[in-house]
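**Q** The residues making up each chain are set out below.
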Amino acid sequence: MTATSQEPATPYPFGVADGLSVHPKLAEVRQNTPVLRIAMPYGGDAWLATRYDDVKMVLADPRFSMAATVGKDVPRPMPNIQTESSILTMDPPEHGRLRKLVAKAFTVRRVEALRPRIQQIIDDLTGTMLTSGSPADLAASVNWPLPITVICEMLGVPLADQGTFRQWTDGLLAIDGDGSKSQVNRRHLQDYLAGLIATHRAEPQDDLLSELITARDVDDRLTEAELVNFSIALLLAGHETTANQTGNFVFLLLANRGLWESLVADPSLVPAAVEELLRFVPLGGGAGFVRIAKEDVVLASGHPIAAGDAIMADMSSANRDESVYPHADQVDFHRPENQHVAFGHGAHHCLGAPLARMEMQMAVTSLVTRVPTLRLAVPAEEVEWKTDRLIRGVRSLPVAW
Amino acid sequence: MTEERWQITVDKGTCIGSAVCVGTAPNRFALNGVTAEPVEAEVDPDEDVLGAAESCPMEAIRVVEIGTGKVLAPEE
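Residue numbers (our numbering), protein chains in the order written: chain A, 1 to 401; chain B, 402 to 477.
The hints are simulated quantities; they were obtained by calculation from the structure and are not laboratory data.
Careful: at least some of the hints might be erroneous.
Said to hold, decoys possible - Here are the simulated lysine-lysine pairs, DSBU-like style, with alpha carbons at most 35 Å apart: (1) B:413 - A:104; (2) B:471 - A:25; (3) A:104 - A:72; (4) B:471 - A:72; (5) A:181 - A:104.
Stated by the list, open to error - Take a look, some chain A residues computed to stay more than 12 Å from chain B by CB distance: (6) 32; (7) 106; (8) 107; (9) 187; (10) 299.
Beta carbons are placed, not taken as given, at the ideal position from N, Cα and C, and that holds for glycine.
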């Protein structure tokens, strides 16, 4: 990529993602060099936007392209070049063509209609865990099976297959030596979804896969490859993020007992608490996707970005911007304004945000009301974290009550 | 000859400022503070406007055909 700065680039990521902590260098960068020239492990240098207004602009301004990164040797954390287009790498208007095929299923109104079923799933999972007895692994008992069951039912993916497809979705998010693990697992998922699409095509059901097949076969609104890759994106994004983040949230609440007790005392605080935890807890190991400037752009902070330059937006940094959030490094369930960017911003704002929000609110509410004595079964520092994944999460969450 | 026009409104009480509409149809929507608003309240028919309205997670965007009063978005 073109270097428009004479300053030497800073190696990025700054360090390995450690538990739920945000790298201390980020606060210093945000203060002193808010748009930093970084050297990525592969593909050269990029800009890193760290302030709230700049991050929002990079995420939403169509002059920053995701599509321009596909098949290109762009700055990136992993060796393999992303060659397959998906909804995550499309620009408007192409992106909207796919998104609106399923957007209706994920609106607040439609998701709200799922509330009784989701409560039943949570009650069943929690009940099974309580019956099995203390201690238990909350991640395996509730955090993972909850969003997996919900997205399987919405899409029309058999829940019985989770033992196999979870290995592949997990593997797809792996950061390994040469990136081959991620690619191998993507191919497994493509074969698996292609098979499911074939059975749904033969026998349509009342689910999203069948709706997408109709959009393909009857209305020709997407290609067969788009249908397969979009289904993978929905299945994967529909559970990996929510499952990991629910574990992160409960860990943080239990490791900081006062926060947990405040929700036990007043469960009506849970929605505000979930928003604050979304702001505070960094889900990604680092800044997410790289974008390419299609023309010269001046960021909100006044920093110029030249056409062709690569730029990344650090959402967890934006969520800690002290100019937007007083005492940003503290968890505060009583913030008057909390328009965080945990779900992104602009065209790629998380499609599943209303569902994720509701699942996390309901899971936390159920735990604080049904198991108020819940505690970590091991010292907080002994909880093990995944370190080789694109998103953060516990390997297991040992709890007792 | 039809000279159909559409009216766009964004419910500021419902909008959460996700900017999905701004990213989807940047010529038609812009953020004003923490919520979105149409760049022009009355427009010629434009699929991008419907696409943005259909992609709004809050269904905060209403598109009405002026004259007939027909609601084009949100659906139902």
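**Q** Would you mind marking each hint as holding or not holding in the structure?
**A** Going down the list of hints, with the structure as the test:
Pair hint residue 413 of chain B plus residue 104 of chain A holds up; C-alpha atoms about 20 Å apart against a cutoff of 35 Å. Between residue 471 of chain B and residue 25 of chain A the alpha-carbon distance is near 55 Å, which puts this suggested pair outside the 35 Å criterion. For the given pair, residue 104 of chain A sits about 33 Å from residue 72 of chain A by alpha-carbon distance, which is consistent with the 35 Å threshold. Of the pairs offered as hints, the one joining residue 471 of chain B and residue 72 of chain A is violated, with about 46 Å between alpha carbons and a cut-off of 35 Å exceeded.
Only pairs whose Cα atoms come within 35 Å are accepted, and residue 181 of chain A paired with residue 104 of chain A is accepted, the gap being roughly 34 Å. Non-interface status of residue 32 of chain A relative to chain B is upheld: no Cβ of that chain comes within 12 Å, the nearest being about 28 Å off. Residue 106 of chain A, annotated as away from the interface, has a beta carbon of chain B within 12 Å; the closest lies near 7 Å. A cut-off of 12 Å between C-beta atoms contradicts the statement that residue 107 of chain A is not in contact with chain B; the least separation is 5 Å.
Against chain B, the non-interface label of residue 187 of chain A holds: every CB pair exceeds 12 Å, the least being about 30 Å. Remark: the non-interface label on residue 299 of chain A is consistent with the geometry, its nearest Cβ contact in chain B lying 15 Å away (cut-off 12 Å).
The earlier numbered hints that this structure contradicts are 2, 4, 7 and 8.
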